Amino acid sequence: MVYKTRLENRGFDQARPMEAKVGVIKRADGSAFFRFGHTWAYAAVYGPRNLYPKFLQDPSKGILRCNYNMMPFSSVGERVRPGGSRRSKEISMVTQKALLPVLDLDEFPNSVIDVFIELPETEAGSRCAGITAAAMALADAGLRMKDLVAAVSVGRVDDKIVVDLDYSEESYEGGPVADIPVAVMPNSGKITLLQMDGIISPEQLSKAIGMAKATCVKIAEVQRAALKEKYKASENNGQ
Amino acid sequence: MISLFEKGIRLDGRKLLEYRGPISIQRGFTKTAEGSAKVTLGETEVIVGVKMEVGAPYPDSPGDGTIMVGAELLPLSNPQFELGPPGIQAIELARIVDRGIRESKALDFKKLCIREGELVWIVSIDVCSLNDAGNLFDASSFGALAALQDTVLPKLDGDKVNYKDKTKNHLVLEALPISVTVCKIGNHLFVDPSTEEEEFIDARLTVASLENGDLCALQKGGETPLTAEEIQAMITIGIEQGKMLRKLLLEKR
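As you go down the protein sequences, you meet chains L and S in turn.
If you're matching positions, the first sequence starts at 1 in my numbering and goes up one per residue.
If you're matching positions, the second sequence starts at 1001 in my numbering and goes up one per residue.
Quick caveat, the hints were computed from the structure, so don't treat them as lab data.
All figures in this text were calculated on a predicted structure; none of them were measured in a lab.
Glycine included, every Cβ here is placed at the ideal spot set by N, Cα and C.
Check before you lean on any hint, since a few could be wrong.
Capping the alpha-carbon separation at 27 Å, the derived lysine-lysine pairs in DSS-like fashion look like this [unchecked claim]: (1) S:K1105 <-> S:K1166; (2) S:K1110 <-> S:K1184; (3) L:K160 <-> L:K21; (4) L:K21 <-> S:K1031; (5) S:K1031 <-> L:K26; (6) S:K1111 <-> S:K1184; (7) S:K1164 <-> L:K4; (8) S:K1166 <-> S:K1110; (9) S:K1247 <-> S:K1168; (10) L:K89 <-> L:K213; (11) L:K61 <-> L:K4; (12) S:K1015 <-> L:K26; (13) L:K213 <-> L:K160; (14) S:K1031 <-> L:K89; (15) L:K160 <-> L:K207.
Derived list of chain S stretches under chain L, where covered just means 3 residues or more per stretch with a C-beta under 8 Å from a C-beta of chain L [claimed, not checked]: (16) 1046-1059; (17) 1071-1077; (18) 1186-1193.
Ranges of calculated distance between the beta carbons of each label pair, as one might list FRET restraints [claimed, not checked]: (19) L:V76 <-> S:G1213: 40 to 46 Å; (20) S:M1068 <-> L:Y52: 30 to 36 Å; (21) S:D1159 <-> L:D58: 52 to 58 Å; (22) S:P1022 <-> L:P17: 23 to 29 Å.
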């Protein structure tokens, strides 16, 4: 079997249409919105702020807490029960690990930085959209960062290596599939998230990771443009 | 704040009986819902999504479908909101939205029946706060109506919902129960509180009214008692302000 064409004539190395915006939640210290096609995420950052209860505090450095949550109506199928699942807890954890390497938390002893990721609509690749939005929100909150973090899922659909799998590809039945969410620090090229479901050869994996890195550089351009856009807008308002 | 109220103005320059603008409605906001809307009241933003599910009817009303309203005060929308199961604030919010829709008979539960005693539609309405700049009560009730107006029934494959295939049938709203929360600080009555004002509210009354001026739900909040005259005045304000919101729901389609 051969996987020939993608929906909407997308190239195999092409992500779905992206859209990004910063400063979308006024109450937050930093916020952003990021979309891959019909998968989109809001992220809000609160902090650094005092961490309670006190026994959770670390006097040597600040703590980063991340929470990934799908809104109840964000899935094509049945309603998602609110309150978190094992899946969402794991994604929250890997999100935190994906973002930690770019932050310097030594500056904020006894404090917490909270990152809340909410998904109003999902169609595969939601953890990557969440991480990408969260990195922009951290930058918008004015936190010092060593690099951005951009994420995309890559993988294998039958004989093809593809970027940014959609739902039809994740659930492709004509051949083997591998789904590999990857987060990259775009300047250094280092990888901060790597997971995989499926069957793939080491050679194919290496090619897929190369494509993820190239795509994350493009995503970082979208992130930077959105961050610049906000500051341009605030300059024009004389702020 | 009160000294300004004496002059009939508020911290943000509004009059006492003036909603924040812009009030916007974006229907079809999320495609995974069978109906959805993002609404804004000034800087307050909520997203409401409707999922259509099927299930067995309640034994005491075998010919009736039903609604379920959930509200999530997302910690992303306000620094004071915390993760975890819904607190009393979120529960009260969901109950107020529920009551307005249920008691006004905005949805005819009989029309949500698929097979009497066996299978009915369950309309799940979920409210998610995106930015809480005050008055989530009115924004949520308003958003729920806009999302219901947007709702299209999915197809049924036997007794299962086929979420990928939609019919052309919109849910029919028999009424538009508009909720207006009238607040009291000192001797002053006002609408559409900001988060700063919400902290100082002595009492509030959420008034859900219909087009003909009938009331369909009430909820008093706050720790200060109200006189019957005050309640009367608040109801009058609620009905009057509701007309403006109703017009927006009918216009912006």
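Cross-check of the supplied hints:
For the given pair, K1105 (chain S) sits about 25 Å from K1166 (chain S) by alpha-carbon distance, which is consistent with the 27 Å threshold. Of the pairs offered as hints, the one joining K1110 (chain S) and K1184 (chain S) is violated, with about 39 Å between alpha carbons and a cut-off of 27 Å exceeded. A distance of roughly 32 Å separates the Cα atoms of K160 (chain L) and K21 (chain L); the hinted pair therefore is violated under the 27 Å criterion. Taking the CA atoms of K21 (chain L) and K1031 (chain S), the gap is near 20 Å; set against the 27 Å cutoff, the hint holds.
Restraint check for K1031 (chain S) and K26 (chain L): the C-alpha separation of about 25 Å stays at or below 27 Å, so the hint holds. A threshold of 27 Å between alpha carbons decides the hint, and for K1111 (chain S) with K1184 (chain S) the separation of about 40 Å lies outside it, so the pair is violated. A distance of roughly 24 Å separates the Cα atoms of K1164 (chain S) and K4 (chain L); the hinted pair therefore holds under the 27 Å criterion. Restraint check for K1166 (chain S) and K1110 (chain S): the C-alpha separation of about 21 Å stays at or below 27 Å, so the hint holds.
A C-alpha spacing of about 25 Å is found between K1247 (chain S) and K1168 (chain S), which places the hinted pair at or below 27 Å, so the restraint holds. The straight-line distance between the Cα atoms of K89 (chain L) and K213 (chain L) is roughly 26 Å, inside the 27 Å bound, and the hint therefore holds. With a C-alpha separation of about 51 Å, the suggested pairing of K61 (chain L) with K4 (chain L) is violated against the 27 Å cut-off. About 23 Å separates the Cα atoms of K1015 (chain S) and K26 (chain L), which keeps this hinted pair within 27 Å; it holds.
Annotation: proposed proximity of K213 (chain L) to K160 (chain L) holds, straight-line Cα distance about 17 Å (limit 27 Å). Only pairs whose Cα atoms come within 27 Å are accepted, and K1031 (chain S) paired with K89 (chain L) is accepted, the gap being roughly 25 Å. Between K160 (chain L) and K207 (chain L), the direct Cα distance comes to roughly 11 Å. Compliance with the 27 Å bound is thereby established for this hinted pair. As drawn, the region 1046-1059 of chain S meets chain L at 5 residues by the rule of a beta-carbon pair under 8 Å; at three or more, the given contact holds.
With a cut-off of 8 Å between beta carbons, the region 1071-1077 of chain S has 5 residues touching chain L; three or more are needed, and the interface restraint holds. Requiring three or more residues with a Cβ within less than 8 Å of a Cβ of chain L, the coverage given for the region 1186-1193 of chain S is violated, as only 0 such residues are present. In this structure the hint that V76 (chain L) and G1213 (chain S) lie 40 to 46 Å apart at CB holds, the actual value being about 42 Å. Roughly 33 Å separates the CB atoms of M1068 (chain S) and Y52 (chain L), a value that falls within the hinted 30 to 36 Å.
Hint check: D1159 (chain S) to D58 (chain L), Cβ distance near 53 Å, so the stated range 52 to 58 Å holds. Between P1022 (chain S) and P17 (chain L), the C-beta spacing of about 27 Å keeps the proposed range 23 to 29 Å intact.
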